[in-house]
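Engineer: Sequence:
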Amino acid sequence: MTHHSVDLSTGWIRVETRSGPVLGRCGDTVQTFLGLPFAAPPVGPLRFKSPAPVQPWTSPRRADNFAPACPHLHYFDPTERGADVMDEDCLALNVWTPAADRSRRPVMVWIHGGGNVGGSARNSQYDGARLARRGDVVVVTIQYRLGVLGFLEFSDIGGEDFAGGGNAALLDVIQALEWVRDNVLAFGGDPGNVTVFGESAGADHVQRLMVAPRAQGLFHRAIIQSGILTDLHPRERSAHNAALLLQTSGMSLRELQDLPWPALLALAERTGFVFPWCKPNLDGVVLHEQPRHGLAHGRCAPVPVLIGTTLEETRYFSAVCADPDDPGMTPEAFSDGILGDPASLVPFFGDESQRVIDLYLKAYPSRHEAAVALSTDGLIRVMSTRFAAACSESQPTWMYLFGFRSPVKGRTGQDYGAYHSIEIPFVFGNDGPEAQTVTAPRAQWGSLSDQMMDAWTAFARSGDPNTPSLPYWPRYDTARRATMALDLPCAVVDDPRGDERAAWDGVPLETRRYWPSCLR
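Start counting the sequence shown at 1; every next residue gets the next number (my numbering).
No wet-lab data here; the hints were simulated from the structure.
Don't take every hint at face value.
Derived CB-CB ranges, DEER-like [unchecked claim]: (1) Glu352 - Asp323: 31 to 39 angstroms; (2) Arg299 - Gln354: 35 to 43 angstroms; (3) Arg480 - Arg442: 30 to 38 angstroms; (4) Ser366 - Glu236: 42 to 50 angstroms; (5) Arg254 - Pro213: 25 to 33 angstroms; (6) Lys362 - Asp494: 16 to 24 angstroms; (7) Pro262 - Val493: 43 to 51 angstroms; (8) Pro234 - Gly44: 49 to 57 angstroms; (9) His297 - Thr58: 42 to 50 angstroms.
The calculated SDA-like cross-link candidates involving lysine to any residue, where the alpha carbons are at most 20 angstroms apart (straight line), are [as the list claims (entries may be wrong)]: (10) Lys49 - Pro191; (11) Lys409 - Pro365; (12) Lys49 - Glu332; (13) Lys49 - Asp89; (14) Lys49 - Leu246; (15) Lys49 - Leu267; (16) Lys362 - Ser335; (17) Lys409 - Lys362; (18) Lys49 - Asp84; (19) Lys49 - Pro365.
It should be emphasised that the depicted structure is a prediction, and the values quoted were computed from it without experimental measurement.
Ideal placement from N, C-alpha and C gives every residue a C-beta, glycine not left out.
Produce the complete structure using the sequences and hints provided.
Structural biologist: Quick look at the structure:
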C-alpha cells in the first residue's frame, strides 16, 4: 500500500491516514499538515459529551490551514483572536515532519496552555517547523475544548450518554493521542516513542494523562512546563456547575446543546464560569484519583519526566497583565496582596507568616521582587519541585529553572522578566513578532533556544535531556536537587533558592483554597 506521494510540481504531498487521504505542503526541509481532524465536530447532540470518532472521507483533503480555535473568551495571541477564527469544529491537530517517510522519528505532542479557558494551536509561537527540523522529530500540536464546552458534568441530568463530559477536554487530548498512535507512522513518526509536552494548563493535562487509565501506553515521556498542578475538582462541583448553567439559561439540556456558541459563552460569562473554575474533575470514569495520590502509590505512568518553571512566574500578573489605569492591577497592588497582610498567609504558615515574609523581603532588592518570588513559589515552583521529588523516587526525572529575563517593559514600566510562558518561544525556536513583543530580539537570545531545542528533542529521543550543547545535567533527587538553570549561560545549580523552597515544607498547597484573591 502506498502511504505517501509527492508532486514536486505543485509542492503537495499526499499521505494516507486511517480516516482518508490528506494533502500537506512540502517546504525545503519540513513537510506541514495543518487542521487534521481527530474527532467529529462536538456540536448539537455531541456538545458536552466525550469526543466522537471523525467521519472518514475518500477524496484527498487539503491540510494547509489551521482549524478554527476552540471558542473561548480570553485571547492570548493575535493569531487566535476574534470570532472569525473560532468554531466548535475545532478538534484538529497539526503535524510538522522532516519527511513523511515511515522513518520512525521521535514524536512530540504539544498541549497548549491558557488556563483551560483560552489558547489554541493556531498560536504562532507553537509553529513546529524549527523544532522538527533541528531535532529530526515529528512535532504535533493539538486543540481541545475550553471552558464550559470542556468541563461540565451533565450525566446526572442527561444520563450515561454524558458520562465523562466533565472531562471532555482531557478526553479530547487522549483521542488526539490515539490518532497519533494510529497515524503518525505514515508521517515519519514512531508511535512507540511519543513525548507529551505542555505549558501551564497544558502541563497540567500532561500530569493528568499520567494517571488517566485510557491514556496509558499512548505516550512514553512527559515534559511539564510551569504546571499549576492543583488537585482535580470533585465531581460534584462539575455537576453543580452544569446544573447551575442549565438553570440560569432557562432551557432544557437539548436546547442548551443547540444554543449558538457565542450565546453559550456569553451565558457562561454571566454565570461566572471562567478561570479557575474550568478544569478536570475526579469523575471515576476518566480520572479515578488525584495525580499526587497515584504517583505516591505507584499508579502513574512510569515514564521519564522533565519538569520545571520560570524564575518569576507571577510577573505574568504583576507586569504582563498589569494595568496602570486600574488601581487593583498595579505592581503596588500586587505586592500589597501578597505581602501586605501576614494574616492572609496564616492558613499556610501559621505563626511563622511574618518570618516567611521577612525571609523573602531580605532576599530581594524590592518589595515587589519579594512578592513575585513568594507568589511564584507558592503558586507553581514549590508544587513542581514536589512533583519532581515524588517522580524521582520511581522514574528518571530532570528539573530546570528558566531564568532568562525579558527586558521588554509592560504598561506599568515593569520588566516582563522571566514570566510565566516566556520559555515557549525558546522551546520552539520561534522569534516572530508575537514572541519578540514579550521576549527580546533573537540576537539577544544567544545560544539558549538552540540548547533548549537540543535538550527537549534529546529527551524525546532517549528519555534523557543531556546533549553536548549543555553542561552535564544530573537527574533530580531530594539529596542534591540538581537543577539546570536555563539562562545565559546555562549551568547546573543544586537546590536553587533552597531556603525559600524549604520555607514551604509541610505546607498543603494542592487545593489553593486559601490563596489571596489575586492568585486564585
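Engineer: A separate judgement is required for each hint: does it hold in the structure or not?
Structural biologist: The hints, checked one at a time:
{"no.": "1", "hint": "Glu352 - Asp323: 31 to 39 angstroms", "in the structure": "holds, 33 angstroms"}
{"no.": "2", "hint": "Arg299 - Gln354: 35 to 43 angstroms", "in the structure": "holds, 40 angstroms"}
{"no.": "3", "hint": "Arg480 - Arg442: 30 to 38 angstroms", "in the structure": "holds, 34 angstroms"}
{"no.": "4", "hint": "Ser366 - Glu236: 42 to 50 angstroms", "in the structure": "holds, 43 angstroms"}
{"no.": "5", "hint": "Arg254 - Pro213: 25 to 33 angstroms", "in the structure": "holds, 31 angstroms"}
{"no.": "6", "hint": "Lys362 - Asp494: 16 to 24 angstroms", "in the structure": "holds, 21 angstroms"}
{"no.": "7", "hint": "Pro262 - Val493: 43 to 51 angstroms", "in the structure": "holds, 49 angstroms"}
{"no.": "8", "hint": "Pro234 - Gly44: 49 to 57 angstroms", "in the structure": "violated, 29 angstroms"}
{"no.": "9", "hint": "His297 - Thr58: 42 to 50 angstroms", "in the structure": "holds, 48 angstroms"}
{"no.": "10", "hint": "Lys49 - Pro191", "in the structure": "violated, 27 angstroms"}
{"no.": "11", "hint": "Lys409 - Pro365", "in the structure": "holds, 18 angstroms"}
{"no.": "12", "hint": "Lys49 - Glu332", "in the structure": "violated, 44 angstroms"}
{"no.": "13", "hint": "Lys49 - Asp89", "in the structure": "holds, 14 angstroms"}
{"no.": "14", "hint": "Lys49 - Leu246", "in the structure": "holds, 15 angstroms"}
{"no.": "15", "hint": "Lys49 - Leu267", "in the structure": "holds, 19 angstroms"}
{"no.": "16", "hint": "Lys362 - Ser335", "in the structure": "holds, 15 angstroms"}
{"no.": "17", "hint": "Lys409 - Lys362", "in the structure": "violated, 25 angstroms"}
{"no.": "18", "hint": "Lys49 - Asp84", "in the structure": "violated, 25 angstroms"}
{"no.": "19", "hint": "Lys49 - Pro365", "in the structure": "violated, 51 angstroms"}
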